[in-house]
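Chemist: This is what each chain is made of:
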Amino acid sequence: MSGKTISFGQALNAALDDAMADDGNVMILGEDVADEQGGGVFKVSKGLSSKYGTSRVRSTPISEQAILGAAVGAAIIGMRPVAEIMLMNFITVAMDQLVNHAAKLRFMSGGQTNVPLVVRTTTGAGVGFGGQHSDMLEAWFAHVPGLKIATASNPADAYGLLRSAIDDEDPVILIENITHYGMTGPAPEAGYRVPLGKAAIAREGRDVTLVTYGRGVGDSLKAASLLADEGIAAEVIDLRTIAPWDEQAVFASVAKTKRAVIVHEAVRPFGAGAEISARIHEELFSDLLAPVQRVASYPSPVPFAKPLETAFLYSVDDIVRAAHATTDKAINS
Amino acid sequence: MSGKTISFGQALNAALDDAMADDGNVMILGEDVADEQGGGVFKVSKGLSSKYGTSRVRSTPISEQAILGAAVGAAIIGMRPVAEIMLMNFITVAMDQLVNHAAKLRFMSGGQTNVPLVVRTTTGAGVGFGGQHSDMLEAWFAHVPGLKIATASNPADAYGLLRSAIDDEDPVILIENITHYGMTGPAPEAGYRVPLGKAAIAREGRDVTLVTYGRGVGDSLKAASLLADEGIAAEVIDLRTIAPWDEQAVFASVAKTKRAVIVHEAVRPFGAGAEISARIHEELFSDLLAPVQRVASYPSPVPFAKPLETAFLYSVDDIVRAAHATTDKAINS
Amino acid sequence: MNKSDSSHAFTPELARSIYRKAYLINRTDQRFRAMLTNGELAVAYYPVRGQEVTAAAAMSALQPEDYLVTTYRGLHDSLAKGIPSRLLWAEFAGKRTGTCKGKGGPMHITYPPTGVMVTTGIVGSGIPIANGLAMAAQIRGENRVAVASFGDGASNIGAFHEALNMASVWKLPVVFLCQNNQYAEHTTLAAGTSVTSIAERAAGYGMPGVSCDGLDPEMMYQTMAAAVARARAGDGPTLVEAHTYRLQGHIFGADYSYIPKEELKAAEERASMMRLRQRISERQVTESDLAQIEQEVDAEIEDAVAFALKSDPPDPDEIRFDIYETEQAA
Amino acid sequence: MNKSDSSHAFTPELARSIYRKAYLINRTDQRFRAMLTNGELAVAYYPVRGQEVTAAAAMSALQPEDYLVTTYRGLHDSLAKGIPSRLLWAEFAGKRTGTCKGKGGPMHITYPPTGVMVTTGIVGSGIPIANGLAMAAQIRGENRVAVASFGDGASNIGAFHEALNMASVWKLPVVFLCQNNQYAEHTTLAAGTSVTSIAERAAGYGMPGVSCDGLDPEMMYQTMAAAVARARAGDGPTLVEAHTYRLQGHIFGADYSYIPKEELKAAEERASMMRLRQRISERQVTESDLAQIEQEVDAEIEDAVAFALKSDPPDPDEIRFDIYETEQAA
Ligand SMILES: Cc1ncc(C[n+]2csc(CCOP(=O)(O)OP(=O)(O)O)c2C)c(N)n1
Ligand SMILES: Cc1ncc(C[n+]2csc(CCOP(=O)(O)OP(=O)(O)O)c2C)c(N)n1
Ligand SMILES: [Mg+2]
Ligand SMILES: [Mg+2]
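Protein chains in written order, with full-length UniProt numbering: chain A, 1 to 333; chain B, 1 to 333; chain C, 1 to 330; chain D, 1 to 330.
By construction, these hints were calculated from the structure, which means they are not laboratory data. Among the hints, erroneous ones may be present.
Unchecked claim - Straight-line C-alpha distance at most 35 angstroms; calculated DSBU-like pairs for lysine-lysine:
1) K256(A) / K256(B)
2) K265(D) / K51(A)
3) K43(B) / K171(D)
4) K222(A) / K4(A)
Said to hold, decoys possible - Anything over 10 angstroms on all C-beta distances counts as not near chain B; from chain C, calculated:
5) H8
6) P84
7) K101
8) N143
9) G158
10) E162
11) G206
12) R230
13) R270
14) S272
15) Q278
16) Q284
17) S288
18) P313
19) D322
20) E325
Unchecked claim - Not close to chain D: a few residues of chain C, all C-beta gaps over 12 angstroms, as computed:
21) T11
22) Q30
23) Y46
24) G82
25) P113
26) R201
27) E282
28) A291
29) D298
30) L309
31) K310
32) F321
Glycine is no exception: its CB is placed at the ideal position from the N, C-alpha and C atoms.
Using the sequences provided together with the hints, build the complete structure.
Modeler: Listed below in structure tokens is the structure:
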């Protein structure tokens, strides 16, 4: 870390800037991303079209299929496009390009082509955007062989993951949480990388492992503080990459704590937490002192009115309760 | 059952026919579904446009968004559209209509409208259709609150599930397996229903539960025979509805057998089996004699060449081996 | 019921009614933005200032039982299609008394009693849904028409294309109303769209495409009425492009300094209520008629605001309902 | 390199080369169908009979380094764009020696050495991808052109619309080649498409749209060459509609009795190799030239068939590779 402080949005902007400076093949496309259109709705690409030109930083029509299709085509001949899909729900009009093409072209071509494409998108409940602007869909992409999917919980990781995603020879989807852009944290050195597929231990502990990513990391750290007050030492694992996820790091932690809670914002049924839970049980069945617990949002569309949106989102208390459930069970068994 | 024999395709055709005869609001739309265009690529709607007219059985342009959008619009004012999406991978160009609209309109309208829509689609590996025509994507839809998703393993269930889906006041996606159309079985009585959300016990047993659906049922029954030869009595549960799935039936069986294997054709990571595994562990942790096993396809795109396609698909032997793993583990622990 | 089929005369009653709707939209938008500014409400809001006349005149060409599908920027359409102010305000404020019990919010207004069937936040997605409403009417032999209202930017998305082609092939009783307000978020028409007039795209679907001045109430009404009549007569869809203007940023609070000052000024003039008032008063609508309308509308809005503010938010437990027909376990 | 920019003369060399390609396509398709009929192979195959001249002449307007994105019905395009017969046959047969090691199969041919970048099985999806290839060339200041080849039915899907609009706004060096063979699976053009000529849609994107007889080698070549030259000159995209014909069912083995007998007969006549041979021989190409081409091609195909049949299928373990850059654990 550089000793400076930086916001999440600035970190992403710096990562794009540094990547474009380092490699002429890096380019950006998406709605309103160029400076004439404001440098992106969340200002993540601000200044870049002025610096690198509108040939490399392209504001697009409202055409998500054309955006991702153009990114796929450019990527297979060695460009490194970073496509911005303004909000994650809008990917639903263009899943085909990611799932049938980006994910599969390396395989279907027998390795002749590959798709070094990055898709940046944002989402998340809690800001009153309602049913069609707030969904967490990471589990879909994690279920598609050939795709990678990652999300950062702090500015330095945002920088480092985005740089690694741009470096990567395969398609990577990066989810940003809409509540995170203003968050500040230590600024990374230019060129910093967070390797894809490697989790971080956000807090060490020996009594229970909280496995999480994205927004869940901050909430799990809060829960860990509350648990610490009760004498329960929770270890918080920030997966950073959701697929392929760092099984070894999770297994090592749970082998130690013998208890695990998975925390994510997406709704629970068939969410990413299910795979993590299943794998932990498969690998550490006889070590576990209690079944793995899952904390997730309520299985409804994201509601508009505040009390409902609050009822939808999991809470820090839910995490604490789930941790208790693993420790109670342990006591009972 | 009527004592007659019927094919899977015929059963679906009969279900549509009977539903259209019973209710003037039932209509069909999809590519080539009318008789002038052959009555559907898999002939499932054959004869129906001749009988009910091309106003109620509409061949569409190649426009999946328009197909599903029209179905959503008609459904919210009380029609009961059955939309055919020729192959499941083609849903990727029109996810928005299902996920952002069909699934959410009841909720977002505060219950003023609902979407009694059925989407029929087919898919499955093993017939050499390769990377873009074979994917099993049920886990995606199962992760979307507001949608239901079901699949039949035999002609009678195909009839009964399709009738129930058409009756249902909410959107239901029915997956057909491309290898199933020719399969024959006992014909149901006209008007037969298979309730959504209810599993069937396809074979009783007390040593291990095989939880599966669709094509996995036939394979699990084969595996159960092989296991029976070794003196292992496997119970086979055909979920029929994948979401919302029949937790009670599965838990009751596993509470009895204390061992479970989940079998599906979709690739394992983040597949539907993960949720089922996680839930079984959550509910029956202290009853289980071994961790729940999952049998699924290899996590790659679906390959074209036969030896690779075979390597991709799980095998009956894989199911037997997984059942062994649950019984071995039990012995060791 | 089919009055609009036989003649599209711009009668004094119609002029009065259009003025009422436009004024209601204008004052509702203004009041709502004021409440956002002073913090009485905190909601994502897509202003409709500048597009009042477009919605007021276009929706006046419809019968109450005709269907409408609109977008996040839909307050004007919703009001013009007759949603009671109280219900709309309560929904915008996230209250249980709102059209959608507070579950949908401003981006997802539904109100079947006046034909507002879907409001979508996904650009272009409502267009195929409007086809479905029209298809149902066609199958049932009903005399209803469906309208999809959307923006200029939406004409670049796939759903637009698929829907227009399908509607034309099937001769659906639908009208595609493109409210061309010159901007898609921060992107000008020219920067994102390969035609200068959206109506030009109709030829690619073998349907009529008509552009009109959406700020001229008579022209807007008559253009729309002709398209509606055509649809009702079974002659198929029309693409109507209304030239209008977005006098605010894309979303409340967003910067719109990228809009050239003179352009904005000219549009403010063209879209102003003053100008509308002037035009309407030329139509045998008296000053006292207008004053009375304004008074009534002002009172209606104050009543609606009070209703919304004093209404309760939904109970958290309400989340369990309306996901499926049967409620979900807690 | 830019020969095609300066003149699009239909020289004897060109005529010969087009004949060679068309004959190769025709005989490959025939041979392949024969092997499917007699059970030597069992593969889902989308026949190209009837469209030989279209592909042969259109692809002749491209340089080897120009990019092509085609579809499941792409054998003709692939051969005309220069993929060696051996590699194509081996891929169609699912062998490790195929273009894609047997992983892709006939629906997913890729062969960068001759510019065949993607073959898609999802209708219309290749069109935006071709834009991406063109965009990269534009950014890099290369002189390459990308071609998206697709069917008439594909012009009804959203991706088509989005891609044409984007290409026009950005003036991408891309040519949209619609091979209008009159059918989309079993659906006639009229039953699914709201225009009688796909080229009419170009106006909706502010780009030129040209229709030509895709069975006339000279017209097809020159139309395509002009579009390619325009793209290469930086003047932007063109929508080229080639009127052609599908002389078989949609997929090998499928019924096509829905095609009226006379229609089919007339098309067989127009698309026949005999007719092509006649036309080519009017272009200073001698009988012995043609006979030699045929002999060479026949030998090339027999060699390719033998190569494909004797090649090994991929090893099952090969499934672990090419999912990501690093192989997956077993
Ligand atoms: C599929 C999709 N892509 C992007 C967005 C983000 N977005 C919301 S409104 C908008 C601009 C739409 O412009 P236009 O259609 O002209 O309508 P206007 O807002 O001007 O009324 C965009 C890009 C979206 N909601 N849906
Ligand atoms: C998105 C999508 N929808 C449907 C299909 C099924 N399908 C395959 S080919 C085809 C017809 C395409 O017709 P056209 O574009 O005219 O091409 P042609 O087959 O005539 O060459 C259809 C509907 C598909 N592959 N992809
Ligand atoms: Mg606009
Ligand atoms: Mg065709």
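Chemist: Now tell me, hint by hint, if it's right for this structure.
Modeler: Status of each hint after checking the structure:
1. K256(A) / K256(B): holds (31 angstroms)
2. K265(D) / K51(A): violated (61 angstroms)
3. K43(B) / K171(D): violated (44 angstroms)
4. K222(A) / K4(A): Between K222(A) and K4(A) the Cα gap is close to 24 angstroms, so the pair holds against 35 angstroms.
5. H8: holds (27 angstroms)
6. P84: Label holds. Min Cβ-Cβ 14 angstroms, cutoff 10 angstroms.
7. K101: Violated, because the least Cβ-Cβ distance between K101(C) and chain B comes to about 4 angstroms, which does not exceed 10 angstroms.
8. N143: holds (14 angstroms)
9. G158: violated (6 angstroms)
10. E162: Violated: least Cβ distance 4 angstroms, not greater than 10 angstroms.
11. G206: Non-interface label on G206(C) holds, nearest chain B Cβ at 13 angstroms vs cutoff 10 angstroms.
12. R230: Holds: least Cβ distance 20 angstroms, greater than 10 angstroms.
13. R270: holds (34 angstroms)
14. S272: Holds, since 34 angstroms exceeds 10 angstroms.
15. Q278: Consistent with the label, Q278(C) stays out of reach of chain B, its closest Cβ about 39 angstroms off (over 10 angstroms).
16. Q284: holds (39 angstroms)
17. S288: The claim holds: S288(C) sits with its nearest Cβ about 39 angstroms from chain B, beyond 10 angstroms.
18. P313: Fine: 13 angstroms to the nearest Cβ keeps P313(C) off the interface.
19. D322: Non-interface label fails for D322(C): nearest chain B Cβ at 4 angstroms, not farther than 10 angstroms.
20. E325: Check fails; 4 angstroms does not lie beyond 10 angstroms.
21. T11: holds (36 angstroms)
22. Q30: holds (35 angstroms)
23. Y46: holds (23 angstroms)
24. G82: holds (32 angstroms)
25. P113: Nearest chain D Cβ is 33 angstroms from P113(C), so the label holds.
26. R201: Nearest chain D Cβ is 4 angstroms from R201(C), so the label is violated.
27. E282: Since the minimum Cβ distance to chain D is about 38 angstroms, E282(C) lies beyond 12 angstroms and the statement holds.
28. A291: holds (46 angstroms)
29. D298: It holds; D298(C) is separated from chain D by about 44 angstroms at its closest Cβ, greater than 12 angstroms.
30. L309: holds (43 angstroms)
31. K310: K310(C) is indeed farther than 12 angstroms from all Cβ atoms of chain D, at 45 angstroms.
32. F321: holds (34 angstroms)
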